[in-house]
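Trainee: Chain residues, written in single-letter form:
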Amino acid sequence: MNSNSSTISPPLNPHRWGGSTPSQREGARGRVPSVIVQGTELETLPTDLYIPPDALQVFLEGFEGPLDLLLYLIQHQNLDILNIPIAEVTQQYLKYVDIMQEMDLDLAAEYLAIAAMLMEIKSRLLLPTANESKDSEDPRAKLVQQLREYAQYKQAAQDLDNLPRLERDILPVSVEQHEIPKEIILPQITWSALLEAMRDVMERANLFTSHHIMSEPLSVRERMSFILERLTESKTINFIDCFTLEEGRGGVVVTLLALLELTKESLVQIVQPKPYEMIQVISS
Amino acid sequence: MTDLPLKSIIEAALFAAGKPLTIDHFIAIFAETSQPERSVVRTVLRELREEYAERGIELVEVASGYRFQTKQNLTPWLKGLQPERSPRYSRALLETLAIIAYRQPITRGEIENIRGISVSSDIIRKLHDYKWIRVLAHRDTPGKPALYGTSREFLNYFNLKNLNGLPPLTELMANAQEELFETEEKKEEEINPKN
Amino acid sequence: MTDLPLKSIIEAALFAAGKPLTIDHFIAIFAETSQPERSVVRTVLRELREEYAERGIELVEVASGYRFQTKQNLTPWLKGLQPERSPRYSRALLETLAIIAYRQPITRGEIENIRGISVSSDIIRKLHDYKWIRVLAHRDTPGKPALYGTSREFLNYFNLKNLNGLPPLTELMANAQEELFETEEKKEEEINPKN
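Protein chains in written order, with this note's numbering: chain S, 1 to 284; chain A, 1 to 195; chain D, 1 to 195.
It should be emphasised that the hints constitute simulated quantities derived from the structure, not laboratory data.
All residues carry an ideal CB built from backbone N, CA and C; glycine is no exception.
Heads up, a few of these hints could be off.
To be verified - Covered stretches of chain D, as calculated for chain S (at least 3 residues, CB under 8 Å):
| no. | stretch |
| --- | --- |
| 1 | 5-18 |
| 2 | 22-35 |
| 3 | 40-51 |
| 4 | 68-75 |
| 5 | 139-149 |
To be verified - Each computed BS3-like pair below joins lysine-lysine, with the alpha-carbon atoms no more than 25 Å apart:
| no. | chain 1 | residue 1 | chain 2 | residue 2 |
| --- | --- | --- | --- | --- |
| 6 | A | K131 | A | K161 |
| 7 | A | K19 | D | K19 |
| 8 | D | K19 | A | K144 |
| 9 | A | K161 | A | K19 |
| 10 | S | K264 | A | K131 |
| 11 | A | K126 | S | K235 |
| 12 | A | K161 | A | K144 |
What the hints assert, rightly or not - Looking from chain A toward chain D, a few residues come up when the C-beta cut is under 7 Å (computed):
| no. | residue |
| --- | --- |
| 13 | L6 |
| 14 | S8 |
| 15 | G56 |
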């Protein structure tokens with residue numbers, strides 16, 4: 001790598017690359033994303049970085065981890081995987097990591113771990129070893145081994161993807177059967193298994209954004225189902241008939257909440273055809 | 001004899017479709033520039049019918065189109081293929097059922113949002129087959145997705161009188177590790193006699 | 001030529017089952033007094049395979065048994081009949097799956113060592129949901145990590161009879177870029193004649 005290779009400084013507006021929709025990315029194809037190097041915007045990309053001229057972020061996010069990135073650096077320059085020029089590769093690797101950090105990409109800790117490993121190897125290669133003959137194991141050996149193994153499975157994943165498979169390349173066949181009375185046998189599901197599944201879902205759902213997971217009491221949801229079901233039988237029900245007075249105050253409140261929720265979700269409409277006429281619930 | 005590719009395509013389509021196909025369906029398979037004549041399709045179908053005459057399945061025309069079906073006289077043997085043991089179920093099925101129970105009425109898309117992963121048609125079909133869920137209505141949005149809810153059979157199976165018998169989610173969620181086990185044990189006792 | 005009813009029954013069973021069937025399945029169809037020999041069943045299956053050789057569907061053997069499926073070269077025409085588009089899988093998922101397939105039994109930590117990055121729970125869950133992997137045992141080390149392996153369903157889905165059918169692992173050497181492409185092309189050739 002030549003000595004005047006530029007350092008990449010943070011882009012003035014890091015959001016320039018962020019949060020683009022797929023269609024925007026599509027549109028950006030062919031345009032060179034701006035890269036600010038030492039205060040000047042580059043017209044062309046530094047060749048030693050091998051950034052393709054389409055969306056940089058998509059490109060950077062495309063790596064399946066630090067080994068994938070390293071492999072890319074090595075293969076794209078036809079470097080010898082068995083004899084990696086560590087100084088060169090380390091420098092390039094660190095540049096990518098810098099860009100990723102500056103672009104606020106979710107940078108997994110593993111990227112930094114490999115960076116540390118590269119630097120360590122580099123420094124060990126630089127150190128003159130006193131007993132060279134004895135302790136001659138190449139500090140790169142472990143990394144090379146890891147890279148080769150990863151490359152193998154990366155290829156295997158591609159091979160797997162190329163195998164003919166159901167749904168995409170082969171379709172299952174089915175024919176109609178002469179009415180064998182289809183006997184449905186229920187699986188045996190325990191109550192606790194069902195609850196545990198729900199708890200898992202909720203724990204996971206909490207990780208996903210702010211799903212307002214479920215605060216209203218269950219009885220409201222059940223009543224919602226009940227009202228919808230009645231509406232499949234008759235198109236219209238009298239508002240009054242939705243309530244069962246025997247259920248008392250609590251029941252009335254539940255029904256009212258259910259009706260309001262259904263209205264909010266535009267599943268039913270509450271209408272009064274004319275003043276003083278019965279209020280009616282109709283399905284929308 | 002018509003040329004083989006056309007016949008093979010029509011034959012494979014009949015097997016892969018999972019529903020009866022009309023002549024229009026067959027024609028629509030092909031690009032506009034290479035669509036076969038209706039009469040050609042008819043000829044192919046007649047040839048296929050003849051070729052399968054002596055086999056274990058036959059090509060028939062029903063109200064909604066053409067389909068392959070097993071020969072009636074073989075039905076007694078095919079009964080043995082029906083599974084007898086209670087079927088295995090997946091985690092995905094459990095989760096889907098639980099979400100429908102707690103969040104009904106709910107569309108498949110909404111279930112997928114909560115699970116963070118798609119829900120296969122197979123699961124929905126199974127839950128229908130078990131009669132544990134039913135379609136309550138259709139949401140008035142593009143595609144008119146079905147809104148699912150649980151059924152009386154679902155309540156019966158889990159020995160519940162109504163959905164209030166399910167523990168509230170807040171209880172499930174918060175702190176609830178120990179509480180849950182207690183509830184589970186109690187419930188298990190109530191339910192087990194059935195299984 | 002074996003007698004016709006047996007062949008017709010096996011043929012109809014294959015079409016009606018909706019899943020791959022083993023020789024044991026075919027034998028179990030018949031009453032105990034009239035069960036065919038395994039060798040007879042095998043002969044029938046071979047005859048069926050030959051009879052369908054020139055048709056739009058073919059009889060193949062996958063991990064869970066024998067099944068009829070559409071011929072691969074016809075799939076482009078049949079896609080339009082399927083309501084759902086075939087799913088695509090992420091590289092992370094495929095890499096994880098490949099490592100499990102080739103290195104089973106393997107723990108999640110070992111997969112992470114090979115990939116050099118953590119494997120999200122989401123991927124493991126998806127692979128479970130697809131029923132492609134299962135927990136074979138737990139390693140007797142702290143934390144008792146699960147040991148994963150692939151399932152029959154995985155082989156069925158990828159049209160394989162057993163793990164030996166997986167493409168051989170290629171040893172990548174220096175300057176692998178061109179070599180990589182060569183290998184891919186060769187692979188493609190090896191696979192295509194089969195179809």
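Trainee: Which earlier hints turn out false for this structure, listed by number in ascending order?
Mentor: 2, 3, 5, 8, 9, 10, 11, 12, 13
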